[in-house]
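Listed below, chain by chain, are the residues.
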Amino acid sequence: MVTVSVRLPTVLRPAAGGQSKLSVAGAAVGDVVDRLIEDYPALESNLVDDEGSVRKFVNIYLNDEDIRFLESLETPLSEGDELAILPAVAGGQ
Amino acid sequence: MAVFSSVVDLVGDTPIVDVSQLSPNPRVRILAKLEGQNPAGSVKDRIALGMIEAAEAAGELRPGSVLLEPSSGNTGIALAMIARIRGYHLKIVLPENVTVERRQLLEAYGAEIIDSPGAEGSNGAVRLAEKLAAENPEWVFLYQYGNEANPEAHRTGTGPEILKDVPEITHFVAGLGTSGTLMGVGSYLKEHKPDVEIYAVEPPSGERVEGLRNLDDGYVPPVFDRWGGMELLDGKRIVRPVESLTWTRRLVSEAGIFAGISSGAAMAGAAKVAERIDEGVIVFVVCDGGWKYLSTGAYTEPIDEIAERLDDVIYF
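Going line by line, the protein sequences match chains A and B.
Residues in the first sequence are numbered from 1 upward in steps of one, following this note's numbering.
Residues in the second sequence are numbered from 1001 upward in steps of one, following this note's numbering.
Just chain A, with the same shape it has in the complex (with noise of 0.2 Å):
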């Protein structure tokens, strides 16, 4: 296990009971999103689909790599990473 910092978007932080930034130890982005949810429940319809799938219109990035295009949720954690977690908005010109 190790200890990871998880910036939460605007949109999520009435979930968390209005942080920004949280603290959450865990060996895997999965453990993390778990605990996550564990922690405020609310989070939880938030961020994954019926199938425990990270939901189609939130992306979680590790050192800023989007974990999709890692091991998603499976992907290994070391001491210090930083997550985001994102919504997809619309870009482009």
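Hints should not be assumed to be uniformly reliable.
Derived Cβ-Cβ restraints for the label pairs, each shown as a range [as the list claims (entries may be wrong)]:
| no. | chain 1 | residue 1 | chain 2 | residue 2 | range |
| --- | --- | --- | --- | --- | --- |
| 1 | B | Ala1002 | A | Asn63 | 45 to 51 Å |
| 2 | A | Glu38 | B | Lys1193 | 27 to 33 Å |
| 3 | A | Gly17 | B | Asp1195 | 35 to 41 Å |
| 4 | B | Gly1256 | A | Met1 | 48 to 54 Å |
| 5 | B | Glu1107 | A | Gly17 | 43 to 49 Å |
| 6 | B | Asp1018 | A | Glu44 | 48 to 54 Å |
| 7 | A | Thr10 | B | Pro1160 | 39 to 45 Å |
| 8 | B | Val1252 | A | Glu82 | 27 to 33 Å |
| 9 | B | Glu1168 | A | Glu79 | 38 to 44 Å |
| 10 | A | Ser72 | B | Leu1010 | 55 to 61 Å |
Far from chain B by the CB rule (all over 12 Å, computed), these chain A residues [to be verified]:
| no. | residue |
| --- | --- |
| 11 | Ser5 |
| 12 | Gly18 |
| 13 | Val24 |
Everything labelled a hint here was simulated from the structure, so no lab data went into it.
Even glycine gets a Cβ: it sits at the ideal position worked out from N, Cα and C.
Let chain A serve as the given structure and place chain B on it in line with the hints.
Coordinates of chain B only, in the frame set by chain A:
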């Protein structure tokens, strides 16, 4: 040099410049494809022309037709140039918080601007355009996020240009907006040189979008899903404003390339790839020049101060 009958004939065939002096790895070359050389100033000239010609071929457009598009700038500007030349009336749904240069360019080319709430970002512009399109079925809604002519312009234009000029390419890096550049170039490169890896960069844009009520308001462009974006991309990363600005400054000061801020983000992505690989040749897209961003102070003021301000300005 030939004489061209219209600026529209100048779209595409952009030059590639070696900027390996910026590479953090001496065994990795980094090459910049300068899309700011297009006549209306950005990579979006390609898709604007592609979407308009596809609509013309389908018989949807006649002189005097009304075109509608949500755009924070470049697509709107490119469409405005072509619409003016071909005699269409263009309505652009524009988030209020884009730089003043974009608004003025749209006005210069004669587009009609419909404001959408700045706090809702591009999502809000897309939503408002969808509503207006439903209310006015006689308007032609090009919808760059879902228009096949968008990635197709890159599959048939940008992609072949890159492979012809740089047959030794190993990695391609571009910004992820509508996903058109990455899907079109990516699928062409993978088809003709399957070992090439495709990397997307994006700004942390969802972090502070105040108008986002919940995650169901999220958005993944239909083009990304239909072109198999999850399989096509080898990686995707956020580049934060400070990093984007730092590389935008290095592009102009060390390579003489005066580029827009999202091009700095793409260069940052290219540098990250270069650090990770042993050797290779990376091509990244400079999607526009810096002209439209001068009012942000991006090139002259302290980076931390501008980065703070960029949170409230759409630059990607």
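Consistency of the hints with the structure:
1. Ala1002(B) / Asn63(A): 45 to 51 Å: Holds, at about 49 Å.
2. Glu38(A) / Lys1193(B): 27 to 33 Å: violated (47 Å)
3. Gly17(A) / Asp1195(B): 35 to 41 Å: violated (48 Å)
4. Gly1256(B) / Met1(A): 48 to 54 Å: holds (50 Å)
5. Glu1107(B) / Gly17(A): 43 to 49 Å: holds (46 Å)
6. Asp1018(B) / Glu44(A): 48 to 54 Å: With a Cβ separation near 50 Å, aspartate 1018(B) and glutamate 44(A) satisfy 48 to 54 Å, so the hint holds.
7. Thr10(A) / Pro1160(B): 39 to 45 Å: holds (42 Å)
8. Val1252(B) / Glu82(A): 27 to 33 Å: holds (30 Å)
9. Glu1168(B) / Glu79(A): 38 to 44 Å: holds (39 Å)
10. Ser72(A) / Leu1010(B): 55 to 61 Å: violated (44 Å)
11. Ser5: holds (14 Å)
12. Gly18: At roughly 15 Å from the nearest Cβ of chain B, glycine 18(A) sits farther out than 12 Å, so the non-interface label holds.
13. Val24: Given a closest Cβ separation of 18 Å, the condition holds.
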